[in-house]
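**Student:** Sequence:
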Amino acid sequence: MLEDMIKMYLAPGDAPDWKCSGCDKQGCVQELKILKWPRVLCVMLKRFCHVPMLGIVKTTNRVWFPEILEELDNRPRYRLRSVCIHHGFDLMSGHYKFCVRTEEGWFHCDDHKRPDKVNLETNVLTREPYILFYERLD
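In my numbering, the protein residues as written are 158 to 295.
These are computed hints drawn from the structure, not numbers from a lab.
Heads up, some of the hints might be wrong.
[Claimed, not checked] Dumping the calculated PhoX-like pairs for lysine-lysine here, alpha-carbon to alpha-carbon at most 25 Å:
(1) K203 to K182
(2) K203 to K190
(3) K190 to K176
(4) K203 to K254
(5) K193 to K203
(6) K274 to K254
(7) K254 to K270
(8) K164 to K203
(9) K190 to K164
[Stated by the list, open to error] Pairwise CB distance ranges (calculated):
(10) Q187 to G251: 30 to 38 Å
(11) L277 to E228: 18 to 26 Å
(12) D181 to H269: 54 to 62 Å
(13) G184 to I213: 31 to 39 Å
Ideal Cβ positions, reconstructed from N, Cα and C, are used throughout, including at glycine.
Sequences are here, hints too, so could you generate the full structure?
**Tutor:** Shown next as structure tokens:
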């Protein structure tokens, strides 16, 4: 689930191999804080990994992502604006398509044809996203 992934990414974690150059202390707790959340939140999912003997291949793990990212701690609410989808098997080949929200609804965009109007629940939220674009609601 995307919200769990964001929480894990921002959670404090031990860095036992880190060494302070000032006092030579070994180990620390590292933490990432976002002081000012952006107007557009771009979330890139790691969709490619190295597999011995095969090289870099695409992963197709299902990631549940919501239309609305609810307010959490200091994070504002966000609404899904577009989804980038990679069609193909590896990093060196494939094609990128988008699902984009407009005032008229959701559209599936492809280089080779006119955008088709699509349904959010059946045609957008069920995709295997590569990049998610959320806009802030405030």
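**Student:** Next step is simple, just say for each hint if it's right about the structure.
**Tutor:** Cross-check of the supplied hints:
no. : hint                     : result
1   : K203 to K182             : violated (33 Å)
2   : K203 to K190             : holds (21 Å)
3   : K190 to K176             : holds (21 Å)
4   : K203 to K254             : holds (17 Å)
5   : K193 to K203             : holds (24 Å)
6   : K274 to K254             : holds (14 Å)
7   : K254 to K270             : holds (11 Å)
8   : K164 to K203             : holds (16 Å)
9   : K190 to K164             : holds (11 Å)
10  : Q187 to G251: 30 to 38 Å : holds (34 Å)
11  : L277 to E228: 18 to 26 Å : holds (21 Å)
12  : D181 to H269: 54 to 62 Å : holds (60 Å)
13  : G184 to I213: 31 to 39 Å : holds (33 Å)
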